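Colleague: Just so you know, we're using the numbering used here here: the sequence shown kicks off at 1 and counts up by one.
None of these hints come from the bench; they were simulated from the model. Keep in mind the model is a prediction, meaning the values are calculated, not measured. Check before you lean on any hint, since a few could be wrong.
What the hints assert, rightly or not - EDC-like mimics (lysine to aspartate or glutamate), calculated; alpha carbons at most 20 Å apart, straight line: (1) K18 to D134; (2) K50 to D36; (3) K50 to D4; (4) K140 to E72; (5) K99 to D21; (6) K50 to D60; (7) K50 to E74; (8) K25 to D36; (9) K140 to D125; (10) K25 to D44; (11) K99 to D45.
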Amino acid sequence: ITSDNAPSMATLKVDQDKIRDIIGKGGATIRQITEDSGATVDIDDDGTVKVFGQNAAARDAAVEIIMSITAEAEIGAIYTGKVARIVDFGAFVTILPGKDGLVHISQIADERVENVSDYLSEGQDVQVKVLDVDQRGRIKLSMREVADESGSAEANDSADAPEEESLSEE
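Use the sequences and the hints to build the structure in full.
Modeller: Spelled out as structure tokens, the structure:
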């Protein structure tokens with residue numbers, strides 16, 4: 001049994017096409033991982049990633065960052081994302097580090113949306129469901145399907161609830 005304070009190592013296997021994402025432009029991402037976690041990261045060309053930490057916490061922090069960078073959007077999964085950019089036809093939402101998806105204007109609300117910025121603002125946290133990822137890696141998202149699944153009613157629907165309860169008590 002090793003102490004949580006003892007130096008430790010973890011080995012991960014990532015897709016070779018994800019190596020570039022972990023290293024980042026000019027090594028910026030891998031330097032940031034080292035800076036944020038305090039662990040050292042070594043990547044082989046075959047996708048083997050070795051993480052050396054002065055302790056288990058440093059190692060685990062670096063592994064978590066690497067896992068989030070290499071994560072793929074899962075179709076049908078619900079993510080909490082941040083609105084990155086609003087455009088005429090919808091909004092781009094960041095669901096994973098470096099992964100933005102489009103919530104088309106038709107997928108924002110059940111009612112017809114004339115103006116995206118009436119519903120969303122940049123930097124806002126939103127719940128989105130991944131509908132599809134095309135061959136080019138573009139992610140299609142929906143806010144409507146999350147609302148339908150969670151059964152979250154509009155505010156005016158929930159205002160009717162107490163009245164229904166009082167009627168049923170009579």
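Colleague: Now, for every hint given, state plainly whether the structure supports it.
Modeller: Do the hints match the structure? See the list:
At roughly 18 Å between alpha-carbon atoms, K18 and D134 fall within 20 Å of each other, so this suggested pair holds. Among the hinted pairs, K50 with D36 is consistent with the structure: their alpha-carbon atoms are about 16 Å apart, no more than 20 Å. The hinted pair formed by K50 and D4 meets the criterion: a straight-line CA distance of about 18 Å does not exceed 20 Å. Between K140 and E72, the direct Cα distance comes to roughly 13 Å. Compliance with the 20 Å bound is thereby established for this hinted pair.
The hinted pair formed by K99 and D21 meets the criterion: a straight-line CA distance of about 11 Å does not exceed 20 Å. For the hint linking K50 to D60, the alpha-carbon distance of about 12 Å falls within 20 Å, and the restraint holds. At roughly 25 Å between alpha-carbon atoms, K50 and E74 are farther apart than 20 Å, so this suggested pair is violated. Taking the CA atoms of K25 and D36, the gap is near 17 Å; set against the 20 Å cutoff, the hint holds.
Between K140 and D125 the CA atoms are separated by roughly 17 Å; this keeps the pair inside 20 Å, and the hint holds. Straight-line distance between C-alpha atoms of K25 and D44 comes to about 17 Å, which keeps the hinted pair within the 20 Å bound. Under the criterion of a C-alpha separation no larger than 20 Å, the hint pairing K99 with D45 is inconsistent with the structure, at around 23 Å.
Going through the hint list in order, the structure does not satisfy hints 7 and 11.
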